[in-house]
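Each protein sequence line maps, in turn, to chains A and B.
If you want this note's numbering, it's the position in the first sequence, counting the first as 1, plus 47.
If you want this note's numbering, it's the position in the second sequence, counting the first as 1, plus 697.
Simulated from the structure, these hints should not be mistaken for laboratory data.
The reader is advised that the hints may include incorrect statements.
[As the list claims (entries may be wrong)] Here are the simulated DSBU-like cross-link-like pairs (lysine-lysine), alpha carbons at most 35 Å apart as the crow flies:
| id | chain 1 | residue 1 | chain 2 | residue 2 |
| --- | --- | --- | --- | --- |
| 1 | A | K178 | B | K704 |
| 2 | B | K794 | A | K193 |
| 3 | B | K712 | A | K181 |
| 4 | A | K252 | B | K794 |
| 5 | A | K178 | B | K953 |
| 6 | A | K181 | B | K794 |
| 7 | A | K249 | A | K193 |
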Amino acid sequence: MSEQLIVCRGLSKAYGRKTALSGVDLEVGRGRIVGLLGPNGSGKTTLIKLMCGLLQPTTGEIEIGGLPVGVATKAQVSYLPDRMYFANWMRAVDLFDLFRDFYRDFDYEKAIAMCRSLGVEPQDRLKTMSKGMKEKVQLVLVMARKAQLYLLDEPIAGVDPAARDFILHTILTNYNEEGTVLISTHLISDIEKVLDEAIFLKTGKVMLHDTVDHIRETQGKSVDALFREIFRAQPLEGGEF
Amino acid sequence: MLGKLLKYDFRAMWKQFSMIWLVALVIALINRFTLPFNQGGNNGVGGENELLAVITITVFIGVMCAMFVVAMVFVLTRFYRGLLGDEGYLMHTLPVKTWQLVLSKLICAVVVTVISVAVSILAMFLMMPINWIEVFDMELWKSLVQGLLKQPDALLYLAEFFLLCVVALVLMITMVYLSMALGHLFSRHRVLMSVVAFFALDILGNLVIGLVNELGLLGFLDKLAVWGGHTGFWVGISLMLIPAVLMFLATSYLLKHRLNLE
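Next comes chain B alone, as it looks inside the complex (with noise of 0.2 Å):
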């Protein structure tokens, strides 16, 4: 059932964002060939021709901040229209486990947010003048592959990172969520309930933290040094994963045991 609800999400997510998505990547390219990356200063440079750049980069930078804007709201509204608004009437009559309704909203929003932030990084490289017949070039790839066969740790290190930075945005995300469905206990005033839930929730995760300092519980993370990189980043996923677990549970006993769609 869960393959089912991402089949909807994702045709949601798809309906919003593929064109915001091309649009970022065409300016982009528009970008590559109005900026005077090759001009040196100004040399060159006519004045038609700055206020074309000036023109295609504010656009590209309109374009993006508007993605990133877009990519928020989305994530926020798709569960709270979609599961606590009128569209909840739909979801949470389909017979499916309420855990699965939030856990299809949570990797829809985290996909989104990666997606975006890859177009943004695509997008940098298609504006730079990179000659792209020299970074195809075979003899680059075959010395980079050497390259990472000599340190095979490269990758996995990258790989630890980017896990790193998808659990920070479950954990960040999962907590949005948990706010909400806080704010929506409340009779009157959600909206505002979930804001104070989630600066609540903000300041009850750093007492948390400050108590497991305090208690002596973090001294092992002295040793990482000794452990190694690979250990650090793997402790950090863990501590990470355990709040987001802990509010996704949360979120979802709220509302199975708590949904009042007034």
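For reference, chain A alone in the conformation it holds in the complex (with noise of 0.2 Å):
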């Protein structure tokens, strides 16, 4: 097995002419707790796509445990995209079905606990769901396995602070702690307590990877605080007020 669980080498992706991400170096380790953060368009969503493989890097290159993505990593990986990917025929229980076919370590059972727990009825039809009830399967089918790696593209961006705790308190109590969960947002107030580390992207650079401690230590001041510093400091990229 090998140390770090993610590896980036000189990772660039261009929309076109439009460059999203470019020469990103990263190296995250096992059992952490990772915030994405950056404003948006700063290549956060690109990133994660990246490492599971729905986009083609430009140039460099991406390790998932050792290996490059493939099947072999899409097994590890839990991903929750920033969108609903399911046809809505479907029934909650029928995504589970799905789950448990395809990935070894879906837990069937506790994805119907946490239906339960978090107020859905798993036999109901997607398409009689709500927006929210349907961003709710879509957490329980990625938390409901035992990965090495979670991919959370956005989790909390669309709900309100109170369903923020709740979605939040779901990812911790139900993550596997051998595993890494690398969150993408820019609401670090709300997640800053939970991070281990923060990665700031901005304009498709990392300006800065270190533990959420150490940037407490050597800052002097919290995340969020040195987020809104970093990103306050040109407000329009060079525009004028």
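Reconstruct the complex from the two isolated chains, following the hints.
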């Protein structure tokens, strides 16, 4: 088992002429909760999608657990995308069946129990559920796995503050503690207390990657305060008020 | 893993088609009783019955057309939405090989089309005023079996013809898949570029056939008559299978190495 769980070397991604990531070198270990922090358009989703194999890098390479992204890494990665990815005719239990079939680490009973605790009836059709309910089903799918790496893309972006705590609580009480959780968000104050490490992304580049404790020690301020300071410096990226 | 993928693709197919197949057969059966088959011309057919017959046959034709339109849309969207749209986020993060994802969609698309054709043929039979007691007459079947025993080739020819049709269908579907995979390479106007790719592939196919013909590589086809009918079928099947396999491999390659779900 390789020491580092995620290794990115010289990773770049361009969409046509627009550069989304440029020269990202990154190493993330196991058993960590890591915040992937940056404003909208900083490349968070691109980096996560590259780790899942939904995008192909323009240059550079990624390894998950010492392996290039492929069938073997997909079996270890549990991914929560920023959108709904299932057909509406299904019921939550149909999705659980599917996950049980494809992922050895999926715990069916746990998924059903999580559904009940989140107030979702697993036998209901997805098309009869509200957007919030569907998001919960997707969260259950992801967190009922005992994965090596959880990639959570903006899990708390579209919900009210009370629901944010609820979602974070679900993540924290259900993840595999030997695995690593990578949470992308721009709502730092809500998750700062649970993070071990923070990665700051700015216009496709890693500005900072450090432990939260070390950031507090050396900077004398919270991650949230540091984030605001870094990203407030150029509010319009060179534009004028 | 392919079996598991097929399980979910077939489930989606059944969800969408079970009702339309059933409705097609039921309406065919209704037509059996409303169409004036036995009256010979207009004799004895009342205005009301005629109107009813017109309505039921119109509904039947409508359902048949709808079935094939839905089948075509199904073939397109299961691939486009399922692998290149939002559902692709689920499918491409499953620990399966890309060619298995494509093959599962392809098998399902072929099965949907074949069953739809079978349903329409069955519906035609249901509509006809066939005396089923006569059809199930043992004597008739006996003589049919005896006839087939004298001409055992007949069934084989039938099977070969069926296979030829299926391979032609596979060729068509792989071409559509490859067009969508090529269209996906562009960052904008992907649907439009897929349509352009489809016509480009069609032109390319014709150019290749023309070139092969020019080089005299198809000269052996003249000898088919000497080899006999079976060989003709198998040559036809093989000739269509080659581009179908190539397009399948190209589609899988593009989805594996050039996938960009933005």
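Cross-check of the supplied hints:
no.	hint	verdict
1	K178(A) / K704(B)	holds, 27 Å
2	K794(B) / K193(A)	holds, 22 Å
3	K712(B) / K181(A)	holds, 20 Å
4	K252(A) / K794(B)	holds, 31 Å
5	K178(A) / K953(B)	holds, 31 Å
6	K181(A) / K794(B)	holds, 28 Å
7	K249(A) / K193(A)	holds, 31 Å
In this structure, none of the earlier numbered hints is contradicted; all agree with it.
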